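Participant: Put together the whole structure using the sequences plus the hints.
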Amino acid sequence: NAGVTQTPKFQVLKTGQSMTLQCAQDMNHNSMYWYRQDPGMGLRLIYYSASEGTTDKGEVPNGYNVSRLNKREFSLRLESAAPSQTSVYFCASSDRASYNEQFFGPGTRLTVL
Amino acid sequence: DQQVKQNSPSLSVQEGRISILNCDYTNSMFDYFLWYKKYPAEGPTFLISISSIKDKNEDGRFTVFLNKSAKHLSLHIVPSQPGDSAVYFCAARAKTSYDKVIFGPGTSLSVIP
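Residue numbers (my numbering), protein chains in the order written: chain A, 932 to 1044; chain B, 94 to 206.
It should be emphasised that the hints constitute simulated quantities derived from the structure, not laboratory data. Every value quoted in this text rests on a predicted model; they were computed, and no experiment measured them. Warning: the hint list may mix true and false statements.
Incomplete in silico selection of chain B near chain A, CB under 8 Å [what the hints assert, rightly or not]:
| id | residue |
| --- | --- |
| 1 | S142 |
| 2 | F182 |
| 3 | G197 |
Residues from chain A shown here face chain B by an in silico Cβ test under 7 Å; the list is partial [as the list claims (entries may be wrong)]:
| id | residue |
| --- | --- |
| 4 | S962 |
| 5 | G971 |
| 6 | M972 |
| 7 | L974 |
| 8 | Y979 |
| 9 | A981 |
| 10 | F1021 |
| 11 | G1036 |
| 12 | P1037 |
| 13 | G1038 |
Note that CB positions come from ideal geometry on N, CA and C, so glycine has one too.
Facilitator: What follows is the structure, given as structure tokens:
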């Protein structure tokens, strides 16, 4: 009963490096999301995918790309990491049948030096 | 421009007393509101929600009140327990953008034994 899983749990990058954060859910949810959490800012939506094959920008999409690989998986890519992208990243999934109650993964703590 | 505001970054309450967490919103298109609870090093978990057609929703020790005219909602926890110590996020969704859930900055609740 894994729910939403994220890899890696921790990552340190140098400015300019690239990386992909992976997310998978086993609840057969249609919608998936990527958020970042920063002190005093709450959770800010980066990108979301309402269904397989579609993606849309959220509040803070600049510097990120996403791929909805299939119904289960939604990845977040940083092409050229910047110190401003130091944050905790959460993936979530939901289904309209549950009125958009979102189920979150445990998070990835990313530091960009 | 934060659409969902939680003006108290932190709150301390004695065990057994009532905890009241407040949330204000600016977008009149919001029609569904959610509260999430987050422990350190974990992802947020759904707590309780309320539709804009209601003014109160209760689930055990947790009650959410909605005042649409004031664009204000509050979460009441009675009685408060030490295990309730966590960060609480208020979130809202607009009828025009079903999949976009906007989160507030969070309130850190400490319940003192």
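Participant: Against each hint, give a clear statement of whether it holds in the structure.
Facilitator: Now the hints, each set against the structure:
1. S142: holds, 7 Å
2. F182: holds, 6 Å
3. G197: Holds, because the Cβ-Cβ distance from B:G197 to chain A comes to roughly 5 Å (cut-off 8 Å).
4. S962: OK, holds: A:S962 within 7 Å of chain B, min 5 Å.
5. G971: Where the cut-off is 7 Å and the nearest Cβ of chain B is about 6 Å from A:G971, the hint holds.
6. M972: Check passed: Cβ of A:M972 comes within 6 Å of chain B, closer than 7 Å.
7. L974: With a minimum Cβ separation of about 4 Å from chain B (threshold 7 Å), the hint on A:L974 holds.
8. Y979: For A:Y979, the interface hint holds, since the closest Cβ of chain B sits about 6 Å away, which is under 7 Å.
9. A981: holds, 5 Å
10. F1021: holds, 5 Å
11. G1036: This hint holds: A:G1036 lies near chain B, its Cβ roughly 5 Å from the closest one there, short of 7 Å.
12. P1037: holds, 5 Å
13. G1038: Because about 6 Å separates A:G1038 from the closest Cβ in chain B, which is inside the 7 Å limit, the hint holds.
The earlier numbered hints are all upheld by this structure, with none contradicted.
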